[in-house]
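Based on these hints, arrange chain B on the given structure of chain A.
Protein chains: 2
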Amino acid sequence: MQLYSYFRSSAAYRVRIALNLKGLPYETVPVHLLKDGGQQLAPAYRELNPSALVPTLVNGDLALGQSLAIIEYLDETHPQAPLLPSDPAGRARVRAIAQSIACDLHPLNNLRVLKYLKHEMKVEEEAKNAWYRHWVRVGLDSLEAMLANSPQTGRFCHGDAPTLADLCLVPQLYNARRFDCDLSGVPTLVRIDEACRALPAFDAAAPEKQPDAQ
Amino acid sequence: MQLYSYFRSSAAYRVRIALNLKGLPYETVPVHLLKDGGQQLAPAYRELNPSALVPTLVNGDLALGQSLAIIEYLDETHPQAPLLPSDPAGRARVRAIAQSIACDLHPLNNLRVLKYLKHEMKVEEEAKNAWYRHWVRVGLDSLEAMLANSPQTGRFCHGDAPTLADLCLVPQLYNARRFDCDLSGVPTLVRIDEACRALPAFDAAAPEKQPDAQ
Numbered sequence: 000m001q002l003y004s005y006f007r008s009s010a011a012y013r014v015r016i017a018l019n020l021k022g023l024p025y026e027t028v029p030v031h032l033l034k035d036g037g038q039q040l041a042p043a044y045r046e047l048n049p050s051a052l053v054p055t056l057v058n059g060d061l062a063l064g065q066s067l068a069i070i071e072y073l074d075e076t077h078p079q080a081p082l083l084p085s086d087p088a089g090r091a092r093v094r095a096i097a098q099s100i101a102c103d104l105h106p107l108n109n110l111r112v113l114k115y116l117k118h119e120m121k122v123e124e125e126a127k128n129a130w131y132r133h134w135v136r137v138g139l140d141s142l143e144a145m146l147a148n149s150p151q152t153g154r155f156c157h158g159d160a161p162t163l164a165d166l167c168l169v170p171q172l173y174n175a176r177r178f179d180c181d182l183s184g185v186p187t188l189v190r191i192d193e194a195c196r197a198l199p200a201f202d203a204a205a206p207e208k209q210p211d212a213q
Numbered sequence: 000m001q002l003y004s005y006f007r008s009s010a011a012y013r014v015r016i017a018l019n020l021k022g023l024p025y026e027t028v029p030v031h032l033l034k035d036g037g038q039q040l041a042p043a044y045r046e047l048n049p050s051a052l053v054p055t056l057v058n059g060d061l062a063l064g065q066s067l068a069i070i071e072y073l074d075e076t077h078p079q080a081p082l083l084p085s086d087p088a089g090r091a092r093v094r095a096i097a098q099s100i101a102c103d104l105h106p107l108n109n110l111r112v113l114k115y116l117k118h119e120m121k122v123e124e125e126a127k128n129a130w131y132r133h134w135v136r137v138g139l140d141s142l143e144a145m146l147a148n149s150p151q152t153g154r155f156c157h158g159d160a161p162t163l164a165d166l167c168l169v170p171q172l173y174n175a176r177r178f179d180c181d182l183s184g185v186p187t188l189v190r191i192d193e194a195c196r197a198l199p200a201f202d203a204a205a206p207e208k209q210p211d212a213q
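Those protein sequences? They're chains A and B, same order as listed.
According to numbering that gives the first Met the number 0, the first sequence is numbered sequentially starting from 0.
According to numbering that gives the first Met the number 0, the second sequence is numbered sequentially starting from 0.
Next up, chain A with everything else stripped away, as it sits in the complex (with noise of 0.2 angstroms):
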């Protein structure tokens, strides 16, 4: 398998710690999101993946696009290491965990959407980083409340085992870091993301270690 990737794309960190705790062995593929112009919107990469985003999956004839739909893939295909729970009410809570990041909050801070604020909109940077954090911040405490309160929430987001919910919230946080976000309000947060970079799988998916670091 190919995975078209970006070291920094949380999109792409979600798939790369799937095929990790898989134990599936992929080659990287780097599109540069900021070197010419863009590589995702290249024709040859838009061919592969229409909406020009990464990640894209490619597995012998298959050309996957969307992350959440590729780790539900691997995950269908490759049962070990399950990333969703058996029951369909586990189920639909941690896809619902993985949907508040990748549906609400994720959409709001692509670079596309920053390039759009910045160079479509000229927004001044001050109110460009003060988006980038109101939505971070909106969205972390609502995912803080659901998980809080919850008594399906263990070590990781819903039990003792690392599900789609926690690939979602640890990209989402490495961000919210680099943007230096304030965490303090989010306990619950913090200490699941502390608890899945101590695995090696979620480790070796961190963007600086990532063949197209820089």
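If you are wondering where the hints come from, they were derived from the structure by calculation, not from laboratory data.
A quick note: this is a predicted structure, and the numbers were derived from the prediction, not measured.
For glycine and all other residues, C-beta sits at the position ideal for the given N, C-alpha and C.
A few of these clues could be false.
Just some of the chain B residues that point at chain A, by a computed CB distance under 10 angstroms [what the hints assert, rightly or not]:
1. Ala10
2. Tyr44
3. Gln98
4. Leu107
5. Leu110
6. Glu207
Just chain B now, kept in the frame of chain A:
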């Protein structure tokens, strides 16, 4: 089951279609996103759904947020009229189409985002509308490329029966029309949307048919 819903919420619209396709009776509990400063922000609703977004599906003791997680839960617990293909590659394709809308396009044009642009960033009406149309165009163009070039696209997004992908497409095109977005470049999406809306399950889920429509 109760669905906490707002007639114009496209995430709630997706779930309404799923419930109708599966023939599951439910009670609508209206959550008005504009009245009372936003009824979704009320403490009682936040207790049910800490993200303060609609929809929430309540089934006995279970309160579920996130439209895609809810729909997969319904699909797993009520397998008739399946909303995902049976093969992993097909499931990944359907999920990726759905997530292209739910993770990449829709979050940028959500009500809370438009409110932030207007009230916090003090963006002019015209620039706000340009933002809206920009993300609709980027999102729908990439979806059109995904669908028009695939032999797996049929009468619907994936083959000849509606799936999770169609449940996301129809509310997104409803929004695009409401905001006068140009749909001339996306004939495949328009064709599939029409095929969907001809089905009673989609028709009954339309915003103007809801008890809280105004």
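Do the hints match the structure? See the list:
1. Using the Cβ-Cβ criterion of 10 angstroms, the hint placing Ala10/B at the interface with chain A is satisfied: the shortest such distance is roughly 9 angstroms.
2. Proximity of Tyr44/B to chain A is violated relative to the hint, the smallest CB-CB distance being about 12 angstroms (cut-off 10 angstroms).
3. Restraint check, Gln98/B versus chain A: the minimum CB separation of about 4 angstroms is within 10 angstroms; hint holds.
4. Interface hint status for Leu107/B: upheld, as the beta-carbon distance to the closest one in chain A is roughly 6 angstroms, under 10 angstroms.
5. Checking Leu110/B against chain A by beta carbon gives a least distance of about 13 angstroms; that is not within 10 angstroms, so the hint is violated.
6. The beta carbon of Glu207/B comes no nearer than 25 angstroms to any beta carbon in chain A, farther than 10 angstroms, and the hint placing it at the interface is violated.
Checked against the numbered hints listed earlier, the structure breaks hints 2, 5 and 6; every other hint is satisfied.
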